[in-house]
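Between the sequences and the hints, there should be enough to build the whole structure, so can you do that?
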Amino acid sequence: MVEHDIVIVGGGLAGLSAALNAAPGLDIAVISKVHPLRSHSVAAQGGINAALGNHPEGRDDSWERHAFDTIKGSDYLADQTAAELLCQQAIPMLYELEHLGVPFSRFPGGVIAQRPFGGAGFPRTCYAADRTGLVLLHTLYEQTLSKDVHFYEEWLVTNLVVRDGRCYGLVAYDLQSGEIIPIKARAVIFATGGYGRVYQKSTNALINFGSGIGLAYRAGIPLKDMEFVQFHPTSLYGKNILITEGARGEGGYLINNQGKRFMADYAPSAMELAPRDIVARAIQTEIQKGRGFEGEYVYLDLRHLGKEKIMKRLPGIREICLYFGGLDPIEEPIPIQPAQHYSMGGIDVNEKAASPVEGFYAAGECSCVSVHGANRLGGNSLLEAVVFGKIAGLSASEYVQESQGEDRAARLVNEAAAQLKERINQWLSKESRGNVYQLFHRLKKIMMEKVGIFREKGPLAEALEEIGELRHRYHQLALRSDCLQFCQELVTMMEFEYMLDIAEVITKGALAREETRGSHFRLDFPRRDDQNWLKHTIAEFTPKGPRLTYRPVKITRYQPQERKY
Amino acid sequence: MAKYLFRILRFNPARDEKPYFQEFSYEASEKDSVLDALRSIRDNLDPTLAFRYSCREAVCGACGMVINGQITLACRTILESLKSQVVVIEPLPNFEIQKDLMVDMTPFWKALREIKPFLHPQPEIPEKGYRIEEKQMERIYQFINCILCGCCYSACPVVARGQGYLGPAALAKLYRFVEDPRDKRSFSSWAKVDRPDGVWACDTVFRCHEVCPKNVRPADGIEGLRRKLVVEKIKRLFKKEP
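Chains A and B, in that order, give the protein sequences.
Everything in the first sequence is counted per my numbering, starting at 2 for the first residue and increasing by one.
Everything in the second sequence is counted per my numbering, starting at 2 for the first residue and increasing by one.
Hint data in this document are derived by calculation from the structure and do not stem from the laboratory.
Be careful, since some hints might not be right.
Distance condition first, Cα-Cα at most 30 angstroms in a straight line; then the derived DSSO-like pairs of lysine-lysine [said to hold, decoys possible]:
id, chain 1, residue 1, chain 2, residue 2
1, A, LYS290, B, LYS32
2, B, LYS129, A, LYS310
3, B, LYS136, B, LYS185
4, A, LYS308, B, LYS136
5, A, LYS310, B, LYS136
6, B, LYS129, A, LYS148
7, A, LYS353, A, LYS148
8, A, LYS261, A, LYS313
9, A, LYS310, A, LYS261
10, A, LYS308, B, LYS32
11, A, LYS202, B, LYS4
12, A, LYS545, A, LYS431
13, B, LYS32, A, LYS148
14, A, LYS148, B, LYS117
15, B, LYS32, A, LYS451
16, A, LYS458, A, LYS446
17, B, LYS185, B, LYS236
18, B, LYS229, A, LYS313
19, A, LYS148, B, LYS185
20, B, LYS236, A, LYS353
21, B, LYS111, B, LYS19
22, B, LYS234, B, LYS111
23, B, LYS4, A, LYS446
24, B, LYS4, A, LYS445
25, A, LYS451, A, LYS536
26, B, LYS84, A, LYS202
27, A, LYS445, A, LYS545
Structure follows, in structure tokens:
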């Protein structure tokens, strides 16, 4: 058995931020199913928001303006107290990151550079060219090497042990040894990231199965606002690799097959820099109306920015286009289409990153505070990860210092581990009727086609039924591998069940929410309905499927208004 | 649809006496990468095939391997570009094989830890951030592109000789910090690399430059460290001892 004061699950930005900010003297461990530097945070490109006011056009910016933009961007579903906290904390956090060594790009005079981003009233997105996630993740990881943090790399957490409203620890599969390990922890922080790969087209890393969200849900922790799924407007056609919003922030145009900057019809004043939900829908509409190319994509044109600006500000985008698209954006427009990008919803936590279960915390994309509401603004996810990662580290430390451990913890985690071992033995001993990867590919397709950008009652109900059928087929599976060391099939078997749970919660929430808000667009209910739906969806696990309840949104000073850009 | 023959090195140290090659055929769509092919082979033909991957866009550094003799990332190698219907895949050299294409990178991470890859701040930190011009950072920008995939370590002939050399990535990382205008580590703390198996071990044959998937030139950093060491030592010669 492994034992620590605080166990952080996930080695991306939120997890590392929690680890760096946990109280010195406590015994801290980070468990990650990959080496921390392989976490999806590394792929973030465009930047991180903070109202520093460094841009010549951003002198009047303030955290209040940032909060307003975030709340308006969220289509008023964000909890306003949480959005205010995030935006207030953004400014000291940026300096903190800078002091840790993050090599941000600079303006003349030596201050941190900032660029315009979608849905923002001022240019407030701080960046390091188009590799902001890379520099943040590497800097925080390298900082943890100066601290006494214990890393368990390539351990997949498979179960969360909760009894009577309190968290006692975890069970994990150590890929290298093939062993199932019980883990006792006084507090657990989940920073497990999003579930992008539940969708066929996603900008996310291939490892983003979202099983952390699923296993918290199975352990009885509610999920919040899961029907809100962000589709990024610009992913490279074919591979769906992210092409940063920074490309439009630097002045890129979106062009249809008539050579027109079509955003004029959808967001006449913000144009290409409208929020993501609006731009993604505009692109999808153009494609569906036959104004795309090959019925699949439109163009993102950067050519007028010139070689120098592209090479300096967007070198990574050029590299992606060269290697994965076979084109040079200096010479040719980039074919792009929307793809799943981010989960606004997640594990239900409060502004202290605490869940309703004692000793269990969550931060980053796997969590929902909520700061993003129905639609996240670009540049706010890296921010959320570091700010709420830190808050989670502090909150969990405080909890551990003020509470007592319980004797039964060891017994409970051992029991959970024994149950999992038993299940794996069954998988090893019976004949598999099917292939988990085929079910996985089927699920992604269903979600893309029926629970995507545009939603409607009929297809949503069908999706729910088909997910049920997949679950039935899942129970007939067994392992075809017979060696448990580095068994990726076992990883997929265990994670896929949680993916089914997530898909079911997203779909059920989407079917129930009979309105259009932010990323959730119902063709049969195309208007926002504040009267009935200005509320968070809370989904709780029951053996018969998710039980949905609702909770009011916290509103402080920004009254909901029509969202125009 | 083009048809490829994959010859993949297989080895499970728990069961196999020695590595062997296994063949799989793969029908590729346009622009499929080697990683796409490996995933398809695993998903449809052999669930036991083991290899690492994550971002599939050449930024996480997980999928370094040897493809038709070249050390590179599987995700960024588009099959068409290989100009061969036969694709031979082997794990990264200079590491122990854990299973199939997965290698034990422990020595690589140990070297990274050894150079203390974190900013050593000055005693007084400016409240609103440091003032640094882009020009001052330009020298280190290429090193910031490093994704720590281990390709350079794998290609390095000095590492291959196995005498505890830190390797190109760790030394380039050290240079990235030493040259950072915000970093105030003492000369004596980083001059530990002034030893035969430190910066002076590099053969300067630039294998690391050839294989880096991110166009980093680690030997630039190693040469930079050598220059700084020499200059610093000369300065010290002329400095009066107190």
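Okay, the hints, checked on the actual structure:
Distance restraint check for A/LYS290 and B/LYS32: the Cα-Cα separation of roughly 27 angstroms lies within the 30 angstroms cut-off, and the hinted pair is therefore satisfied. A distance of roughly 27 angstroms separates the Cα atoms of B/LYS129 and A/LYS310; the hinted pair therefore holds under the 30 angstroms criterion. Distance restraint check for B/LYS136 and B/LYS185: the Cα-Cα separation of roughly 19 angstroms lies within the 30 angstroms cut-off, and the hinted pair is therefore satisfied. With a C-alpha separation of about 19 angstroms, the suggested pairing of A/LYS308 with B/LYS136 holds against the 30 angstroms cut-off.
The hinted pair formed by A/LYS310 and B/LYS136 meets the criterion: a straight-line CA distance of about 16 angstroms does not exceed 30 angstroms. Simply put, B/LYS129 and A/LYS148 have alpha-carbon atoms about 25 angstroms apart, close enough for the 30 angstroms limit, and the pair holds. Taken as a hint, the A/LYS353 and A/LYS148 pair is honoured in the structure, with Cα atoms around 24 angstroms apart against an allowance of 30 angstroms. Our distance criterion of 30 angstroms between C-alpha atoms is met by A/LYS261 and A/LYS313, whose separation comes to about 27 angstroms.
For the hint pairing A/LYS310 with A/LYS261, the CA-to-CA distance comes to about 23 angstroms; that is within 30 angstroms, so the pair holds. Between the alpha carbons of A/LYS308 and B/LYS32 the distance comes to roughly 26 angstroms, so the proposed pair stays at or under 30 angstroms and holds. The straight-line distance between the Cα atoms of A/LYS202 and B/LYS4 is roughly 25 angstroms, inside the 30 angstroms bound, and the hint therefore holds. Restraint check for A/LYS545 and A/LYS431: the C-alpha separation of about 26 angstroms stays at or below 30 angstroms, so the hint holds.
A distance of roughly 43 angstroms separates the Cα atoms of B/LYS32 and A/LYS148; the hinted pair therefore is violated under the 30 angstroms criterion. Under the criterion of a C-alpha separation no larger than 30 angstroms, the hint pairing A/LYS148 with B/LYS117 is consistent with the structure, at around 11 angstroms. A threshold of 30 angstroms between alpha carbons decides the hint, and for B/LYS32 with A/LYS451 the separation of about 27 angstroms falls inside it, so the pair holds. For a cut-off of 30 angstroms, the pair hint linking A/LYS458 to A/LYS446 stands: about 18 angstroms separates their Cα positions.
A hinted pair counts as satisfied when its Cα atoms are at most 30 angstroms apart, and B/LYS185 with B/LYS236 qualifies at roughly 18 angstroms. Between B/LYS229 and A/LYS313 the CA atoms are separated by roughly 28 angstroms; this keeps the pair inside 30 angstroms, and the hint holds. The straight-line distance between the Cα atoms of A/LYS148 and B/LYS185 is roughly 19 angstroms, inside the 30 angstroms bound, and the hint therefore holds. A distance of roughly 53 angstroms separates the Cα atoms of B/LYS236 and A/LYS353; the hinted pair therefore is violated under the 30 angstroms criterion.
Of the pairs offered as hints, the one joining B/LYS111 and B/LYS19 holds, with about 27 angstroms between alpha carbons and a cut-off of 30 angstroms not exceeded. Taking the CA atoms of B/LYS234 and B/LYS111, the gap is about 28 angstroms. The hint holds against a cut of 30 angstroms. Restraint check: the Cα-Cα separation between B/LYS4 and A/LYS446 comes to about 25 angstroms, which is no more than 30 angstroms; the hinted pair holds. This hinted pair checks out: B/LYS4 and A/LYS445 have alpha carbons roughly 26 angstroms apart, not beyond 30 angstroms.
Restraint check for A/LYS451 and A/LYS536: satisfied, since their Cα atoms lie roughly 24 angstroms apart, inside the 30 angstroms limit. Proposed proximity of B/LYS84 and A/LYS202 is supported: the alpha carbons are some 29 angstroms apart, at most 30 angstroms. Between A/LYS445 and A/LYS545 the CA atoms are separated by roughly 22 angstroms; this keeps the pair inside 30 angstroms, and the hint holds.
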